[in-house]
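**Q** Protein chains in written order, with our numbering: chain A, 1 to 356; chain B, 1 to 333; chain C, 1 to 574; chain D, 1 to 338.
Honestly, the hints are just simulated from the structure, not real lab data.
No residue lacks a Cβ here, since even glycine has one placed at the ideal position from N, Cα and C.
Treat the hints with care, as some may be off.
As a list, the in silico BS3-like pairs of lysine-lysine whose alpha-carbon atoms are at most 27 Å apart [to be verified]:
1. K248(B) x K82(A)
2. K82(A) x K36(A)
3. K149(A) x K248(B)
4. K248(B) x K145(A)
Reference excerpt, derived from the structure (chain A facing chain B, CB under 7 Å, subset only) [as the list claims (entries may be wrong)]:
5. L126
6. H127
7. F129
8. V212
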Amino acid sequence: MTQPSQTTTPGPRAAGSAAAGTATGAFLEVRNLSVKFPTDDGVVSAVNGMDFTLERGQTLGIVGESGSGKSVTSQALMGLLKGTSAQVTGQALFQGKDLVTLPEAGMRQLRGRNIGMIFQDPLSALHPFYTVGHQIAEAYLVHNKASKKQARAAAVDMLGRVGIPSPDMRFDEYPHHFSGGMRQRAMIAMALICEPELLIADEPTTALDVTVQAQILDLMSELQQETNSALILITHDLGVVAEVCDDVLVMYGGQCVESGPVDGIFYDTRHPYTLGLLKSMPTLTTKSGRLNPIPGQPPSLLALPHGCIFSARCEYAALAGDGVCESQRPQFTTEDGHGSRCHLSSEQILTIRNSR
Amino acid sequence: MIRFILRRTGSLFLLLVAVSFITFTLFQFGPADPASAACGQECTPERVQEARVALGMDQPFLVQYVDYMRGLISSRMIGAPGAESLCQWPCLGKSFQTNENVSDIIARSLPYTFSMAIGALVLWTLSGVGLGLLAALRKGSPTDKFIVGAASVGVSLPIPVTGLFLLLVFVNQFHLLPFTTNEINSPFGPQGPWAWVLNYLLPWIALAVLFSASYIRVTRTNMIETFGEDFIRTARAKGLAPRTVTFKHGVRAGITPVVTMLGMDIGLLLGGAVLTEQIFSVPGLGFTAVRAAISGDLPVTMAITMLAAFFVIVANVVVDLAYAAIDPRVRLQ
Amino acid sequence: MKNRSRALALAVLIATAATGCAAGQTQPGNKPSAGSVTELAPQIVKSGFTTKGGNVNVLMSSDFQTLDPGNSNYVQTANVGQLYYRTLTMAKETAGQPPTVVPDLATDTGKVSKDGLSWTYTLKEGIKFEDGRPITSADIKYGVERTFAQDVYTQAPQELNAALDAGGYKGPYKDPSAVLKAVETPDARTVIFHLKKPFAEFPALASRSNTAPVPKDKDTKLDYTNHPVSSGPYMVQSYNRGKSLKLVRNPHWDPATDTNRTALPDTFSFSLSTSQSTISQQLLANSDPNAITLDSNGAMQTSDSAKLADPQVKDRVASGILGCNDVLSLNTEKIKDPDVRKAIALALDRQSILVQYGGRRFGELEQSPLNSKMVGYTDPGLEIDPAGKPKLEEAKKLLEGKDYPKTLTYGYANNRDSYKNTGTVVQQNLKALGIDVQLVPIPAPNYYSVLASEQLPDMGRSGWCGGADPSSVRTSADPILGPNNDGTSYGFSNTSRYFDPQVSKAMYELRNTAGTSEELGKKWAEEFNKALKTYPIIPLIRSHTNSVVGSNIRNAQVGYFFGGIDLSIVGVEH
Amino acid sequence: MTQLQSPAEPGTASAAPSEVRPAEARSLLATAWLRIRRSKIALLSLCVVVAIMLFAILAPVLSAMSGNDPFTSNTSPEVLDDFETPGLPLPAYMYPSASHWLGVEPGLGRDLFARLAFGGQVSLTIALLSTAVSVVLGTVLGAAAGYFGGKTDAIISRLMDLFLAFPHLLLVLSLTPILQSRLRDTPLGQGSFLPMASLVIILGFFGWAYLARIVRGQVLSLREREFVEAARSFGSSHLSILFRQIIPNVMGVVLVYATMLIPTNISAEAALSFLGVGVKDPTPSWGQMLNAAQAGNWYLSDPWFLAVPGVMLIVTVLAFNLLGDAVRDALDPKASRH
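So that you can see chain A by itself, here it is in the shape it has in the complex (with noise of 0.2 Å):
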């Protein structure tokens, strides 16, 4: 990573647009994606309309301070919150069929072959009662025909594959059998083995220590890159994201507040949260980046403010000027590929970037 410029150039990879574009075929298309819970102290609002799209080969970031609601996005993405309260509305195509409206029983076809998931606390994720193996071998096994032999062969290849030595061996074993990074690499056999073409990584390295860490990403990325699939990568670590992400999305209060190109975000930053993420970063170099909150509280979900979400929290509120930042939501505007969700104007910011 070099020092940010200012110059916005899209990166090779940035090809596909995070914007809310209509680019129709898309391998996934989520709009208007939002998702409520009813609870006994009143409506949630985790997930307020969000849009992006991907396309296979491609990485996904989606960076957010914890309660932004990133982890529900994905969990919405999946179909794991049907059969609860959640309301989940807007669409999400994933190679034309809409995950939200997909009943339960086509939505388990899906899981797991065609969308893998890689969570984010692999001991509490791994089932502790069952072996690793048969737990990865489970997973082979309800999307294949085959023998329980060959789903274990299949199993002990892809625990090879995911770099845990003598796989055979360490098939029998119990998660608690198991370290930390062991075990996520495991989760990742587990959400691999059918070789789907999505996989959802939900702050996969968070529980890790940092050597850890980048061998995990290092073989994500390579698996990626074996099997052409798309990846969703929800972590609040920019520097995870700067390292292996094509398009980042940041989320604030359940609402994409700015999306693009990896590049542009970091170099061409448009929003006053995303600033802020970046600012409290203490070097971007060292890859244990972990964000510091940025003053004040993240709005409550119950009752969201009439204005910008971030308003209450905005250094730069008053120079949008007329209080417009209390009153009015702002647009979502996309500008080459990079959009963001702030009424103050290009020139505004990019004098805000400067004065840092």
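Assemble chains B, C and D onto chain A, guided by the hints.
**A** Just chains B, C and D, lined up with the frame of chain A:
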């Protein structure tokens, strides 16, 4: 594993010694004097003294205790000088009331207690776990609310009230069920399994209502918690069928606290369901123990108390082993 | 549950279960005016039956404490014992009457020497044990010897032994060389008993189970209960403790030697663990036409009493008065003034107490703990109302200007509600006299030893079942209010601690007086009534028993002494 | 010091889901109260509990209003049948009427309303006091075991094992008469105090082990927390740390357990008195009334006699149970979210 079992057996032994010693000691301070109970209205001090000899109560306290405990290790002679008789191992003494071997009394009472325990157990486990699971799966639905409400009422039903109510309605008023008879104490008896079921149905229901209510609550809470676990999400993300997710991944993990509870309850119940046996006149261990406690029959009280404690402790060990079978993480230790 | 304790000690009988009734006389619906019911006629179910054969099912809520005649103080054992052991004489039951003493193994009820100190019995010929061996005088003597080993047999009956001049004899076990000189066996058919003092009722003592023959080589000591060797019409075929007992005919029993037992059924099957409520429901519903019960009070619960008048049930109720009665015993050392004791007696609402015992079907109010059927009985003429109504004004008048205890304790055995409830009624009644009564529960098994100890409550319910000879005044009067062995103080079972220099001395002297039962009975009754008029005890309830039997059962009578169906004459239609 | 205490976050309160509401630093009890107020069932059960308490407390007043007391018997033939079923109340007296609000009992003809009210006093006093005994014993012993560790812990833990393994009811059955005979000559053993004192001691003594186990677990983790470390470094004594730092921080768990223990103890009193070893006539308690209903099979001919204490007992236990659930949900949101 062997060390684990050895250690548990060791502590089991110590606990039993403690339990027996406490029971034995307490009895010495009891208001009921078995010796003077033996001769009733003509209890001259001389006769009481003779009765003490007959019951072996003329010996010092510790000698009595050691003698009693010796019977657990080998056969021993019991009785007044010149009229001793052999008490076969395991010797739990002889009843002050009938001079019967206590082990025979216990052997006689056990089938009743087993009959009570088994049926109630099956009834409440099936209904408790089943309804708890159903409520967890339908969380928030009217079904769930109804089950939770019924469970709240269920745990609040004291056995004496339910027991007497069941007797009043089913036996006395509407003659739907026969009076419990002590002739039946196993499903393999001459009267057949159906008579056995009818005979014990009311006590089973009285027990099961209370127990299944708490099983519903524990199952529901644990299953809801388990269904919220990450590994359930993982299982769904693999594309597993809901049934597989629920039972193979969910129930297996969520059922462990229920297994613990079940083990402890079995242990408790095998020691005799005192209240239920009393209300339905089932001469199991609890019933026998109450009779013995009232009439000052120390050997019987002692033996049943120890046996009950033994069941609880063994149940503890079995629960631990079951845990190890269910949860591989426990095997490590 | 309430009637669990069937430990009716035989000789100096404890009345723990003291209930009875006779439904015969009173018509349901026609409420008798208070006081009109003095005694209810006994009812025998279908008497005059003579057909042999069949099986009788005897339902019991728990096992016999013992079947060993040498270790039994229990009426149930005595009742079933008629079937498998015989004694020198026998107390033959007649419903509603004290039993009559008749010869059994002996040819007569005993020949007394002139000084009244020796009784001689001659055994009948042809009497045999179940193994065919003839019964000899040695077997009788050994039976008596065993009952001296009280350190082995805690329930060994002692009335006979107490009368014998036995020295310090302690039974055949501890010191096998010791000899019981008080019983002599000059030949195989003669038994002579030597007494300390004359005892006119000795034939009744000879009917006690002490004189049941026990073959020495078959004595298994405490295990003898598992198979007592039969000398009677039936023998033990199988005995499953706590569950069942089966008696079958003893082939060596010769009916020619035994006119007391009709022994009609071929077998008796005892079920030993059916709950009381089940027994009463089964009998009321006639679900087993061959069934009877030996449980006290016919296993009836208080609330079952209304069903006894049911037409389906009425003809199957055997009922009769019992020898047992309950009194309220006052501690005369605490309540010294006879007027105060009389005031307490007058203030009692005995009718309410009867209700606590289950009402008129289960007992009747009595004016004396002695029974008018006893030989030599006279009425004491107490001023308590025969109908049980309190005489509060008279009571208050008696107390005027007196200094009397303002708080008293009432002790009761904690095994029956009627005892406790009696206390509640007493508490209520005495409140009117300004006396505060506290109820003190006492563990039932130790009740009488507490009454004999320093913890004696000021008042207590006490029971009495007729003594060694239920037809004799003496064997009741002496233990209830008599002095101790040397005449210097109150006697051991005299729970009111009554001791009057004159009256007690007279009683003491009567003990040494020889004479017929009738002569002595009158004298005893006279002294006893003198004592009674100072109200050391207040007569309460005489018990009745109702025992419902199955519809095939014949000759069912309730024994005055046994309180249950008399097994020696019962029969069954088959 | 005070500052160190205030952020006390006793494990239970920290679980407020961050997606729902910002974690505001509300006090434990205030939060709990807010939650209880929001639940209709919790409010209703609270009202019922308060009403039952008042009923018991006001027993002398209420029964005086009805013109009866719990001890006066009335066995006159106008009240109780004296022939067909001797002792059974005549219909006019069996059921509620103006003179006897809940009718009279069979056998002795005492006023059922007065006995129910006074019985409530006895039953509830026993349940509350024995709960208090268990809670104090359990908290102190559990906290001591967790805090001091080592030998203290070993001894207390073994003791807990022993208490949990013992067949309680059997032991209590043989223990209660012993205790009662010991207490008889002490001030505690006078009149109706006797059964109450013995039951309080026995139920209290047998209820602590389970709570102690829970508290011990909590304290084990608390012990390593900063504020305890800090107090220790300031040189506070063990006792002061135990009572000022540790125990206040386990009060949430203790409160939850206590509210659940009350109905258990109400049932236990009923069970023991029913078996005849607890409260005995003439002292009324709900268990004693059940015992009286079963004695002589009265409940078969007079079911109302069983219904009065039975329904009262069920309603009370149910109300306390529901309240206990509400308190637990309120204090332990992790459990309540389900």
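**Q** If a hint holds in the structure, say so; if it doesn't, say that too.
**A** Structure-based check of each hint:
no., hint, in the structure
1, K248(B) x K82(A), "holds, 20 Å"
2, K82(A) x K36(A), "holds, 12 Å"
3, K149(A) x K248(B), "holds, 20 Å"
4, K248(B) x K145(A), "holds, 20 Å"
5, L126, "holds, 6 Å"
6, H127, "holds, 4 Å"
7, F129, "holds, 6 Å"
8, V212, "violated, 19 Å"
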